[in-house]
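Undergrad: Please model the complete structure; the sequences and the hints are all you need to start from.
First to last, the sequence lines map onto chains W and X.
With the working numbering, the residue at position 38 of the first sequence is 101, and numbering never jumps.
With the working numbering, the residue at position 99 of the second sequence is 111, and numbering never jumps.
Mixed in with the good hints, there may be bad ones.
What the hints assert, rightly or not - Far from chain X, some chain W residues (derived; all Cβ distances over 12 Å): (1) Q66; (2) G80; (3) N85; (4) N130; (5) G167.
Claimed, not checked - Straight-line alpha carbon distances no greater than 30 Å define the calculated BS3-like cross-link-like pairs of lysine-lysine that follow: (6) K105/W x K83/X; (7) K15/X x K121/W; (8) K65/X x K15/X; (9) K161/W x K15/X; (10) K68/W x K67/X; (11) K15/X x K30/X; (12) K65/X x K105/W.
Said to hold, decoys possible - Not the full set, but computed from the structure, chain W residues with beta-carbon under 10 Å of chain X: (13) V67; (14) Q101; (15) G104; (16) P107; (17) A108; (18) A112; (19) S156; (20) Y160; (21) K161; (22) L162; (23) S163.
Hints in this document: simulated from the structure, not taken from any laboratory.
No experiment lies behind these values; they were computed from the predicted model shown.
Cβ coordinates follow ideal geometry from the N, Cα and C atoms, glycine included.
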Amino acid sequence: QQQVKQSPQSLIVQKGGISIINCAYENTAFDYFPWYQQFPGKGPALLIAIRPDVSEKKEGRFTISFNKSAKQFSLHIMDSQPGDSATYFCAASGNDYKLSFGAGTTVTVRA
Amino acid sequence: DVKVTQSSRYLVKRTGEKVFLECVQDMDHENMFWYRQDPGLGLRLIYFSYDVKMKEKGDIPEGYSVSREKKERFSLILESASTNQTSMYLCASSRTGLDEQYFGPGTRLTVT
Chain W
64 QQQVKQSPQS
74 LIVQKGGISI
84 INCAYENTAF
94 DYFPWYQQFP
104 GKGPALLIAI
114 RPDVSEKKEG
124 RFTISFNKSA
134 KQFSLHIMDS
144 QPGDSATYFC
154 AASGNDYKLS
164 FGAGTTVTVR
174 A
Chain X
13 DVKVTQSSRY
23 LVKRTGEKVF
33 LECVQDMDHE
43 NMFWYRQDPG
53 LGLRLIYFSY
63 DVKMKEKGDI
73 PEGYSVSREK
83 KERFSLILES
93 ASTNQTSMYL
103 CASSRTGLDE
113 QYFGPGTRLT
123 VT
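TA: See the structure below:
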């Protein structure tokens with residue numbers, strides 16, 4: 064049973080548009096929420112991460128929004144570029160340091 | 013740069029064979045992990061190790077075992093491969109439990 068539910072499964076966005084990926088969790092012991100980016104033929108790589116003491120974290124065009132009471136967090140990709148086309152995974156972990164991953168979202172940015 | 017290497021990119025094995033997947037990291041990381049990646053299921057943790065000769069089960073350990081005799085090397089063993097173990101296998105390492113995990117490129121295993 065997946066501990067982190069991720070949606071949508073895939074999305075297509077025009078260059079310059081905003082991509083939004085949502086994740087939800089149930090385990091209140093989770094206190095670390097990273098997002099990983101994976102290009103075809105490569106392993107995932109850490110993109111950005113947040114802890115529940117803040118509601119938002121921004122790094123360049125990538126922003127995580129976190130809603131602790133709703134147990135939801137999301138990734139926003141602003142001004143999406145063709146080079147952002149990849150699969151994105153949300154994840155969560157608690158004090159056992161084991162990451163639970165979402166099912167992944169394939170993002171396609173059309174030029 | 014951290015480098016995590018996996019012994020094979022593609023592997024084809026027959027049902028019942030014993031399969032070894034090797035992973036090596038070059039950054040003296042304490043923790044190493046084995047995941048399998050399947051469409052629609054994301055990454056699922058098979059086993060992880062937080063020290064040499066130490067191992068802990070992940071979410072789906074059935075049918076797998078691991079070995080960590082040296083800090084830099086973590087092996088995943090399929091004792092008797094089955095077709096439902098056809099998957100992409102990813103190895104990762106991290107400096108400590110709280111740190112970023114660095115992934116290898118993956119091994120696509122097909123069991124026929």
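Undergrad: If any of the earlier hints don't hold here, list their numbers in rising order.
TA: Violated hints: 1 and 5; rest satisfied.
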